[in-house]
Every structure is written in structure tokens, then in C-alpha cells.
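Visitor: Protein sequences, first through last, are from chains L and A. Numbered per this note's numbering, the first sequence spans residues 1 to 127. Numbered per this note's numbering, the second sequence spans residues 128 to 353.
Worth flagging that the hints you see were computed from the coordinates, not collected in a lab. Bear in mind the structure is a predicted one, so any value in this text is a computation, not a measurement. Hints may contain errors.
Claimed, not checked - Restraint ranges, calculated between C-beta atoms of paired labels, are given here:
#	chain 1	residue 1	chain 2	residue 2	range
1	A	Pro181	L	Gln73	52 to 62 Å
2	A	Ile336	L	Met1	43 to 53 Å
3	L	Pro106	A	Met288	27 to 37 Å
4	A	Gln168	L	Lys111	52 to 62 Å
5	L	Lys118	A	Ser350	44 to 54 Å
6	L	Ile57	A	Asp187	37 to 47 Å
The beta carbon of each residue, even a glycine, is placed where N, CA and C say it ideally should be.
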Amino acid sequence: MLKIMVVDDAQFMRLRVSKLLIKHGYEVVEAGDGAAAVQTYRQLKPDAVLMDITMPIKDGLTALSEIRQFDPQAKVIMLTALGQQAIVLKAMQAGAKDFLVKPFDPERIMKSVQKVLKRNYELGIRN
Amino acid sequence: MTMTQQQIELWSKILNNTEPGGLLCRAVRHAAQSLSEMVNQPLQIKNLKIVAVPLNELVDTIYDNDFWDHSSSINYETETVGIYLLVGDDLPGQAMLTLSVNDALYMVDWLLEERPGTTTKLDSLGCSALSEMGNLVLSSFLNAIAEFTHDPLRPSPPAMMVDMLATVLQTAVTLIEVVTDELIVIKVDFINVENSLLIHFWLLPDPSIVGSPQKLGIGKSFSTNC
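Given the sequences, and given the hints that come with them, work out the whole structure.
Guide: Here is the structure:
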């Protein structure tokens, strides 16, 4: 079963996104801030990550950079309320595979996850 | 231009572009639309006000300025949920959402996709949902402003409190560094007419950066509908 890490400081968002992913057959692990996300990624190496930006302790952009340093192939999708050009650019330059702007849209989230994981799968076949 | 000059200029542009097509109204509409999509309910924007308030008389002055004309049931002692956020970067200040506890419970039901009346007290999940609502509203507001500045504008993670309205408002003021006698208060109401649900969205430019209301060309009171 493919494992996805959901990173958001809001328990409410973690619950909603996790429910959606479990419904679609994924295994879910959660982290409540950027520091916990980096640590959990190192331990469990999930297949993809859905991560917020505005979080305490360590924000999502910093966590994204650290995860990508540890694993340059990491598939990280940013899921944030901050839909600003400068922030999108920063995230994509840091290696984010997609950028979704809240409010929560189940269809967009699932399309993005499937796209990122499909890419993963295709790369695996080519390698 | 120094960082402080940039910050003053941006607040000045926002506060002096208050016509329906202006920057402030565009950002307020963007915030309301995001919240409406989040709860899947229609929301109206009413009663946008900008007021210069003596710092030590915030609650009284707001009453004098008829801030509550769409919600006659609200008084100083109304049990209220306040969601606080800070903004840095080019737009230093505070933001706050306030709503009565009864409206907050209703809102939690919408956010959790429960039948209205299901939530009877605010547990950790309900508080998290309301905090996320605060994050979304302010972030959407900032997204619209950032289209104009092209520089990132980020909020802090939200903090929440439940207390009497007067205490919730006063708490926002105690977080402000006292450097001027007056504070600029921007407030707008988001209303769901069908359910008489009312959310107040507040913005308080940081007076230690922007200085007095007069410096930004703000008079005593201004009111409009976006």
C-alpha cells in the first residue's frame, strides 16, 4: 500500500486530508509541524507528502528543502492557503512537485496525488 | 526605499483605496469568497469600516462608532471566539476573526460537514477547524494584496481564545506596542443571511511602524460596502 505523509499544524486539516486518502486506499502518516515532518520522512520514507506552509517550529518551505536534501527524489505537494506567485515560485524552486491552494478541494488533491505517484511509478519502470 | 517606508506605503495604499474596485475591497472579497467555498455557504460582505481609535478606549470607541449595526444582539459580555494572527513582511499588523460562541458552534458543524446543531461545545477538533478558518481568511486576503505587491505576505500560525467580547478585543490591544495615542482599526462583517451567522474580520496595522492615523491620511471614521 502506498504511504502518504500529511503535514499540517491544524488537526482539522490533517483529519480531512487523511480521511480522503484512506478512502482512496492509501496508508497515511501525519506530522503536525515542519520539524516533525522531516524526522518522520527520514524514518518512514513515504511515497509522497502533502504539506502546509504556515506552521509553527519549522515552516513547510524549510521542511521541503530539508526533505529534498535528504531525498532528492522526494515527492512533495504543497497544500496551503498562501496562493501567492512569489511563494509558489519559491516552493517549486525548492523542489515541490505541485502546489495546491486551499480551501480544501478533494478532487484537486486526489488528481495531484495520483499525478505525482504515477510519475513515480513511470520513473520506476524506466529505471 | 527602506523596509519601514515600504510598509507604510503599502498600508497607506490599502487604506486609501477603499472604493468597491480598490485594493482593500478586492482583498476583502477574496477572503470572503475563500471562506464561502470552505463552508460551502453563501456569505455577504457588509459594513466595512476604518476607524481611528484612542488606544485606551478601543472597546468603548468601537461601540460609539456603531460597529455592530448588523448584530444588535451583541454586547460587551457576549461570549466570543477570537482567532488571532500576526502579519509581518510588508504589511505588519494583527488580524483577528471574532464570532459569538453560538455562531462558532454552527460554523464548526459546517466545517466538519455535520448537521447543524451537532456540535454543542468547542473541543480540540472544533478549535482547530476555527483556527484553520482564520488562517484561510487572512491568507486569502494577503494573496489578493500580494498580487499587487508581487512580494510574499505571510501570516503567523493562528491562536484562539474564548471570552467575553470586551476581553477578546482588549487582548488584541495588549499585544500592541504603545507608541501612538491612536490605533487604526479596519473591520468588515461576513454574514450568512439565511442563518443570521456573523463573522467580524479585523485588521490592525502595527502603529509602531505606520505611526498615527493622520500620517496615513486616515480621518476619524470611514464606512463603505464592498
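Visitor: Do A:Pro181 and L:Gln73 keep their Cβ atoms within the hinted range of 52 to 62 Å?
Guide: 58 Å, holds
Visitor: Holds or violated: the 43 to 53 Å window for the beta-carbon distance between A:Ile336 and L:Met1?
Guide: 51 Å Cβ-Cβ, so the 43 to 53 Å window holds.
Visitor: Quick one: are A:Gln168 and L:Lys111 within 52 to 62 Å, going by C-beta?
Guide: Violated, at about 25 Å.
Visitor: Falls inside 44 to 54 Å, the C-beta gap from L:Lys118 to A:Ser350?
Guide: 53 Å, holds
Visitor: Tell me if the beta carbons of L:Pro106 and A:Met288 are separated by a distance inside 27 to 37 Å.
Guide: At roughly 31 Å between Cβ atoms, A:Met288 and L:Pro106 fall inside 27 to 37 Å, so the hint holds.
Visitor: Range first: 37 to 47 Å. Now tell me if the beta carbons of L:Ile57 and A:Asp187 are that far apart.
Guide: The hinted range 37 to 47 Å holds for L:Ile57 and A:Asp187, with Cβ atoms some 39 Å apart.
Of the hints listed earlier, the one the structure fails to meet is number 4.
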